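S.K.: Chains as they are written, first to last, in the numbering used here: chain G, 290 to 618; chain U, 290 to 618.
Some clues are possibly wrong.
Since the list can't tell identical chains apart, any single copy or any two copies may satisfy a pair.
What the hints assert, rightly or not - Straight-line Cα separation of at most 35 Å, DSBU-like style, residue types lysine-lysine; simulated pairs: (1) LYS350 <-> LYS483; (2) LYS483 <-> LYS574; (3) LYS571 <-> LYS385; (4) LYS583 <-> LYS385; (5) LYS512 <-> LYS591.
If you're looking for bench data, these hints aren't it; they were derived computationally from the structure.
This one's a predicted model, so the numbers in the text were calculated from it and none came from an experiment.
Number of protein chains: 2
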Amino acid sequence: MSEYLIGVDLGGTNIRAAAVSPSGSILDRISIPTQAYQGRRAVVKRLIELIRGIEEKFGKKGQRLVGVGMGIAGAIYLNRGLVSRSPNLEGWENFKLMDRLQKYLDFPIFLENDANAIALGEKWKGAGKKAESFCCLTLGTGIGGGIILNNKIWHGVDGTAGEIGHTTLDPQGPPCNCGSNGCLEIYASATGIKRMVLEKIREGNKSSLLKKCQNKIEDITAKMVYDSAKDGDELCQGVFREMGRYLGIGLANLINLLNLELIVLGGKVTQAWNLFIGETRKEIKKRGFTPSAKRTKITKAKLGDDAGVLGAVYFALEKLGGEQRRRQY
Amino acid sequence: MSEYLIGVDLGGTNIRAAAVSPSGSILDRISIPTQAYQGRRAVVKRLIELIRGIEEKFGKKGQRLVGVGMGIAGAIYLNRGLVSRSPNLEGWENFKLMDRLQKYLDFPIFLENDANAIALGEKWKGAGKKAESFCCLTLGTGIGGGIILNNKIWHGVDGTAGEIGHTTLDPQGPPCNCGSNGCLEIYASATGIKRMVLEKIREGNKSSLLKKCQNKIEDITAKMVYDSAKDGDELCQGVFREMGRYLGIGLANLINLLNLELIVLGGKVTQAWNLFIGETRKEIKKRGFTPSAKRTKITKAKLGDDAGVLGAVYFALEKLGGEQRRRQY
């Protein structure tokens, strides 16, 4: 009877799940909308149904589920299976998710922060395969960060480490949702890109975007900024350069602090790689300590949306018996 | 025959050495000027003489030297005993200090970065005794940083981790010696304090310092700023508040990244503790992620100049056989 695991990536927008072999092959993928606005109870119900559905399907094929790993958009108290804070899942604060799930599901479940799961996924099967110590940033609506030191996630004392998106880069910078201001996230995320574009347009600068959005500038998305930049729009290109510059400052800080061998950048914003990475490297060269900064490789994530589910499975395997177990297959 | 170790703190200004029992009691202290301008050869010669002098003295008492630990103001490649970069010891770049010393000294020698040695000293006998994961900053002429994670120094891949003094806090900030600008060091070090005071005086602000330095403002020292602030000088008090604010931004970044249980602040600048710490805590509260930021304790270092030599001995003991050896005594 062959064994498999389920990896779940529980985000504010989608719940992604995958059936994964212990060697890391994805056997099946499912994605459903989170519909977080329906409240915690409804989301958990759908989550349980989703997992049971996969289990039933693979059970019929004679495959045995050995565990579930779950990456969650929020701060996790690992030892207590507690979601302590989640800006994207309203009402989940201090929610004992683990206890709730174990009431209905009769196999080992392991929780991890979603950005950490992504970092572990890239380590297992992606851009971080050969690295022992690296950082993985996900540049999406916000910015997630996972720090891997000596092959393990650095969780910090409460499990909340890795919040590079909320390090201050400019004390006079614009406000951030987190209550601070001038955070990396307000420059180098999709939200940050939109903010910078709107700011420049409101200052009276011209852009082809104005026509595209029929002057409803609130409708502008980061994707539209990207498309216009590719089409030669100077304002949009300038915004990506500025975004790249701030990203470089944040990464140089990370390098000077932790002297990492690699930084992996993932998330939708990295589609615009060529539009920002030059400025990023320039800032790192200027602000990073040698020799550390010279040797740190900056590279693109490889796994896309699969990183989170794979990393969650990797984490579950570690907890289930670690290296030994993975090597066995 | 009782055993002891020698701890050395090799700085740009002084070489401090101490004979230390394996349980961490300081048996003897010696300090001589580094006189780095005489060049590497002369400094190394004096260093060897210093160590031999201690060995002779304790040898007469029938005590046996088991090892030497050395903290050095520079980036150290640990595995190769190499000083790769040292802003305060000119001409020491890529110097194989370990090989040179072992030619003349016939006992185990271990090198460490000086800020890391200080962090280890505070962990062994000082403010970090009970903490497993913390950061120790030395606010002196510059800013040194040592990061301890799970009871061990985080060295990074090259041994250069911990440069929190050279993380950027303001991309529009004044230039730093490191080639970047807006680094924490230009705000929260003695040099930074002097810089801020001169800037404000040149802008035409009044201060009792002008009289004290007889209008030779280049003669102003951080100590004079401190004394004037204590005497009620508003400009000087304002500078310490500003310094505290920037320090708080840097510490909040550190907390959000690493979720540490403790931050230890040492160095001469911490004499002015009450003049800046309020602003520091305010910034951490504003910018630090809860729950991490709430639980991180900010505390004063306890060991002063002894931290470096004690930490160097601690490091040597670790290398010589670790926990076991220390417990044995």
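S.K.: Going back to the hint list, which numbers does this structure go against?
M.R.: As far as the earlier hints go, only 1 is violated by this structure.
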